[in-house]
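If you use the numbering used here, the sequence shown closes out at 260, no skipped numbers anywhere.
It is worth saying that the hints were derived from the structure and are not from the lab.
Yeah, the Cβ is synthetic: ideal placement off N, Cα and C, and Gly gets one too.
Hints are supplied without guarantee of correctness; some may be wrong.
What the hints assert, rightly or not - Now the in silico label distances, taken between C-beta atoms and shown as ranges:
1. Q115 <-> D218: 14 to 20 Å
2. R241 <-> A127: 25 to 31 Å
3. R118 <-> R161: 21 to 27 Å
4. P112 <-> P145: 31 to 37 Å
5. S256 <-> E129: 23 to 29 Å
6. E240 <-> A133: 41 to 47 Å
7. P97 <-> G146: 14 to 20 Å
8. D238 <-> D116: 30 to 36 Å
9. Q179 <-> E210: 20 to 26 Å
10. R229 <-> T86: 29 to 35 Å
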Amino acid sequence: MTEVPPRIIVLTAPSAAGKTTIARRVLEAFPGMAFSVSVTTRPPRPGEQDGRDYHFVSREAFERMRAAGELLEYEEVYPGLFYGTPRSAVEAAARTHPVLLDIDVKGALNVKQLFGDRALALFIAPPSLDTLEERLRRRGTETEASLRARLDRAREEMAYRDRFDAVIVNDDLERAVAEAIEQVGAFLHSTASS
C-alpha cells in the first residue's frame, strides 16, 4: 500500500459527553480507519477490556513510556490518573490509513498542534453541565467526590471548545453522530489528494 501523509481525526469531550459512542459510530462509517487505543493508569471499569478500550498500565509503566518518548501526548486528567497516546501505534497506522484518537481535551490540542492541517479536532459538547451531571450519575461509576472532580474538569475543558476545528453539541445522539461523520468525511476528502 502506498504511504500517505498522516491524517488524524481527534475526538475530545468532557467525561460523559458521548465521545466514545460517537467515536465507535465514526469507525463503523469509515471501515478503513484505524483506532488508537490510549494508555491509562486508571483501573478498568466493568466490561472494559485491556487492549480494546485502553491499555491499562501501572503508574511506573506509564512513567517509563513517557520518559522514553513513547507517548505522542499525555495528561494527568485527574489526580494520579494519567492518559496518553502511544506514538508508535499512531505513526505506524497513519502511514496507510486515517487514524482516530478518542482523547482528553488538552491532549487533543497537543495533537492538533503537532499535525496542524493533517488533523481534524472535533470537540463533543454536552447540551449543558446539568445534562452532563445527569449522565455521570446514571453511569453509577462515580463517588460524590469523583463526580465533583469530573464536573470541575468539564467546566475547565468547556473553556477550550473554541480552539477546535468544530464543536458538535450532543443533545441528540443520532444528529451528533451524523454531524461527526459529515465533518470527518469532508476532512478525509479534502486531504486525500494533498
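Holds or violated: 41 to 47 Å for the Cβ distance of E240 and A133?
The hint (41 to 47 Å, Cβ to Cβ) holds, given that E240 and A133 are roughly 43 Å apart.
Assuming the hint says 29 to 35 Å, is it satisfied by the Cβ distance from R229 to T86 or not?
21 Å, violated
Do Q115 and D218 keep their Cβ atoms within the hinted range of 14 to 20 Å?
For D218 against Q115, whose Cβ atoms are near 29 Å apart, the range 14 to 20 Å is violated.
Has the hinted range 14 to 20 Å been met by the Cβ atoms of P97 and G146?
Given about 37 Å between the Cβ atoms, the range is violated.
Is 30 to 36 Å respected by the C-beta to C-beta distance linking D238 and D116?
33 Å, holds
CB-CB spacing for R161 and R118 relative to the 21 to 27 Å hint
23 Å, holds
Looking only at beta-carbon atoms, does the pair P112, P145 fall within the given range of 31 to 37 Å?
23 Å, violated
Given a hint of 23 to 29 Å, does the C-beta separation of S256 and E129 actually sit inside it?
Violated, since S256 and E129 (Cβ atoms, about 39 Å apart) do not stay within the stated range.
Taking 20 to 26 Å as the hint, is the beta-carbon distance of Q179 and E210 inside that range?
The hinted range 20 to 26 Å is violated for Q179 and E210, with Cβ atoms some 36 Å apart.
Just to be sure I understand the hint, the distance between the Cβ atoms of R241 and A127 should be within 25 to 31 Å; is that true here?
For R241 and A127 the Cβ distance comes to about 40 Å; the hint is violated.
The structure does not agree with the numbered hints 1, 2, 4, 5, 7, 9, 10 stated previously, though it agrees with the rest.
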